[in-house]
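This is what each chain is made of:
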Amino acid sequence: MSVRTLTLADTTIGKKAIMAVSGLVLLGFVLVHMAGNLLVFQGPAALNGYADGLRKLGPMLWIARGVLLAAVAAHVWAAVSLYKANEQARPVKYHVQHTAATTYAAKTMRYGGVIILLFVLYHLAHLTFGVGIPGGHAAAPPAGMPGSVSGTDVFHNVVVSFQNPAITGIYVLAQLALALHLYHGAWSFMQTLGLSHPRYNGLRVKLAAAYATVICVGNLSMPIAVMAGLVKLQG
Amino acid sequence: MELRDNAPSGPIETAWDRHRFDIKLVNPANKRKFEVIVVGTGLAGAAAAATFGELGYRVRSFCYQDSPRRAHSIAAQGGINAAKNYSGDGDSIYRLFYDTVKGGDYRSRERNVYRLAQVSVNIIDQAVAQGVPFAREYGGLLDNRSFGGAQVSRTFYARGQTGQQLLLGAYQALERQIGAGTVTMHPRTEMLELIVVDGQARGIVTRDMVTGKIEAHLAHAVVLATGGYGNLFYLSTNAKGCNVTAGWRAHRKGAFFANPCYTQIHPTCIPVSGEHQSKLTLMSESLRNDGRVWVPKNKDDVGKKPGQIAKEDRDYYLERKYPAFGNLVPRDIASRNAKEVCDAGRGVGPGGLGVYLDFADAIERLGQKAIEERYGNLFEMYERITDEDPYQVPMRIYPAVHYTMGGLWVDYNLMSNLPGLFVLGEANFSDHGANRLGASALMQGLADGYFVAPYTIGNYLWTERTDQKPVTADHPEVKKALAEVEERTQRFLSINGKRSPDSFHRELGKLMWEKCGMARNEAGLKEAQARIPALRAEFWENLRVPGSGADLNQSLEKAGRVADFLELAELFATDALHRRESCGGHFREESQTPEGEALRDDDSFRYVAAWEFNGVGKAPVLHKEDLEFEHVKLTQRSYK
Amino acid sequence: MRLTLHVWRQKKSGDKGAFETHKVENISADSSFLEMLDVLNEEILEKGGEPVAFDHDCREGICGTCGMVVNGMAHGPQALTTTCQLHMRKFKDGDELWIEPWRAKAFPVLRDLVVDRGAFDRIIQAGGFISAKSGSAPDANEILVGKTVADQAMDAAACIGCGACVAACPNASAMLFTAAKITHLGVLPQGQPERDDRARNMVAQMDAEGFGGCTNHGECAEVCPKGISLETIARMNRDFLKAMVIAREPLAARTGG
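Sequence order for the protein chains is C, R and X.
If you want this note's numbering, it's the position in the first sequence, counting the first as 1, plus 144.
If you want this note's numbering, it's the position in the second sequence, counting the first as 1, plus 423.
With this note's numbering, the residue at position 142 of the third sequence is 128, and numbering never jumps.
None of these hints come from the bench; they were simulated from the model.
Among the hints, a few may not be true.
Keeping only pairs whose Cα atoms sit at most 25 angstroms apart, straight-line, the calculated SDA-like set for lysine to any residue is [as the list claims (entries may be wrong)]:
| id | chain 1 | residue 1 | chain 2 | residue 2 |
| --- | --- | --- | --- | --- |
| 1 | R | Lys744 | R | Lys762 |
| 2 | R | Lys636 | X | Gly204 |
| 3 | X | Lys119 | R | Ala452 |
| 4 | R | Lys921 | X | Glu32 |
| 5 | X | Lys133 | R | Ile794 |
| 6 | C | Lys237 | X | Ser(-1) |
| 7 | R | Lys727 | R | Glu742 |
| 8 | X | Lys133 | R | Ser576 |
| 9 | X | Lys133 | R | Gly562 |
| 10 | X | Lys(-3) | R | Ser576 |
Source: prediction; values computed, not measured.
Model the full structure from these sequences, guided by the hints.
The following block contains the structure:
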């Protein structure tokens, strides 16, 4: 008689670990992505040069994209799978709902996750494929413009987009949702992977809060700076 | 019928070793052929069932709780004694043996107690191997403390949760065997009858407390480890579910009930706060190490706040009467003296049933922090229950029924006079005599379960194998037992009177506490003997049990237990009445020294009173097992 | 005190169940929550009804038998307190209380407020023990356990298996219960030989019983009457993940109850 055996992906803790590791990849990506984008403050040459540099990575870029895509897929798969199990675990709900310890961030992880996923799709459509950019996608920057090396004029696309309050509004809301998600996720992954020690557990939450704040402030600084006219098209 | 203890003769030090060599062993292949029933999953029951399973017997284990882990052994706080002499302060097996016999006021069997002291050391080894987190010293060795006035530090403990941790050890060993398939567990299942075939215990009838199914389970031997009957008094420190039914049913089928009147009343419990009270909470005896017990000298001061009563108007009665031991006198003496001052109208708190246990002096001497470290959790518990802060105002304490030394009579093999019926732990009468020392209950339960019964049951099974005929479900005795249980269940449901099982239980408990409690006299006991049958008659006419027998029905469960308590109560009073001496937990007012202390009568009562059932309402038959003391010298206890 | 009680009534497992409203009066503030229910039950019985079934035994907060959700809070509003040790003075005269059973698929309701927690026993069966046959142990002092480790083991071992953690968890997860046992045995030297298998088998059983997963809300530790810490869960995760990676034998699936 053969006995069915279990792999990590069959167990709740295994799924959580998959969620944590994929989340960790995404935490890294979000940080790098923000750092790169902050070049917008140094003007079109810096930002477009950075974008161009990424594109020139060639196969490396595709590997990175593959890893990211896999992380997103794993993260979403684990979330959905755990969500289903968790829903089934309490078929009859309490008449009086009460919580004492949890945070808003923890309670909204699944909604935040969905919002972020939708936002990422929009973000890709918007700045990668140029959907909805006011005045159209600047596929190739006009010759002689600063920062035009090759490919798209990222700087132009960003600036004209964020001059539009509707687009900026979407980005701001999404960043707030992201911050909450990152805050819970950034200490949660440590707990899930067993990184815990009574002396340092306070630090865990502080680190997560600091990380989420940095990402949030960094990412929000860009649309706000554009709206405030601190960053604008040159020439 | 002559009661034979079946203990080996010869030197006491080697008695158990020789006995183990002499008794029959069952070879491993044959063990699988024997089925054993174990009722109860406290320290004794869980340890026995797990060990039987490890040995290879086929075991069925039963408990009324939803999980074997919940048996009331879990509530023991203080610790477990063992003659390890890890403290190097002069302890030995012989000293533990001697202390236990003396502490039991010379009413226990020497050879049983000697064996208990011997295997006590194995218990600690076993528990540590299982992962029981006993307190440790910084170097990693086990820590010990002195407990209950003992002169040596021989008590092992796990914070205030020693019983819990030892039970979880036994429970985990039991669960391991359940997982391995050697033990079948029946939780939420209550034993309601014993099946006796050809004079031997061959099975039990149970009721599934969820589905109501009444069923017979057959085996080659039956082990009862069903705890004590302190709930006879309604209010006690026992769990609400603790009951005498298993033992009482066995008694009705022929097993002798020994020394039923030996009851331990624990002095440091939280007093009753009102009519709603459903149980009493014990606080560790260790509180008396630093607390001073007092009541007002004058009755007129009783209503005053304790702070308003001047030092010179306080009566520190234990320190006054027992200068040598002071507040650390043994449990029975502390309890009786509390009753005495309250009876004299000097008790404090609701109903005047309480005495102060005051930490003010200790806090002044050692500082609040030191007291917090020692008793913090107990103070918290006290405050949670009473809403009074013991750092500010003295605690109020009152004695409560805590443990019953009496139980089914067993021989050295822990087998009752009914062959095949083994009785372990608090359910038997054996090792504590008339008074149990602190930290000895856990020791006895585990000794019986891990280290005694596993040997002696093999001897029985192998010796009897050829005489035992197979018993099947269609045996007339099985059918009869099943029919009796069905009939009784239906009877409870069909009386349809006005009173709940609880109301009868409360009334019985009050009667027992007043007439058969801390101090007893002939007139009171006779009054109890007269009133119990009347209450029992009313029970059977005016009981109301709603619902059906076919599902979870807690009123029905209670009714069955109260019905058996109502029969035990009469035997209890009879035993207490016949024993015209004071000893241990039994204080007979007619038998006291001129100073009012307990006076034993060794010439007339140095025996175990084992009672044979003779029908409900009929006088039971007394069988005496004389107690010989070859090693321990009989003296009157004195704590002056 | 006067109270309005909405009590969950359910005849048996699988039935639909509904709230039943009762008013009780003359409740002493000094009585415990269960004693208040005793009073209610005596009244129901007097009127010819069937008393509310609820689990309880020691009534001193150690056996782990009692437990109900009061106004959405497992074991009621007082921290570090089981229902039996909760006293009515924690409520106000005239309060309205909703009393519900532990709700989880793995804890089916047997009747009213009584649930079946057999899943916990099966989790222990899967590995919540140290295999040490009776009589086989070496001298107790041959195993040294430092005080810090002994204290850590004792902190985790204090779990009473009441199930409040499951009841309070938004996912009805049994992680805190399972982690407490894995921690208790896993930190002790005696527990090392079986540490990896213990973690794997207990977690596999926990999953098979249909408990939810942990999403790090911390509700379990908040309601735990014995103060078991979330740190135990991190420890279990660590032990389990390590064991899954390094174990030489595959992990066999288990079946729930």
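List, from low to high, the hint numbers that the structure doesn't satisfy.
-> 2 and 10
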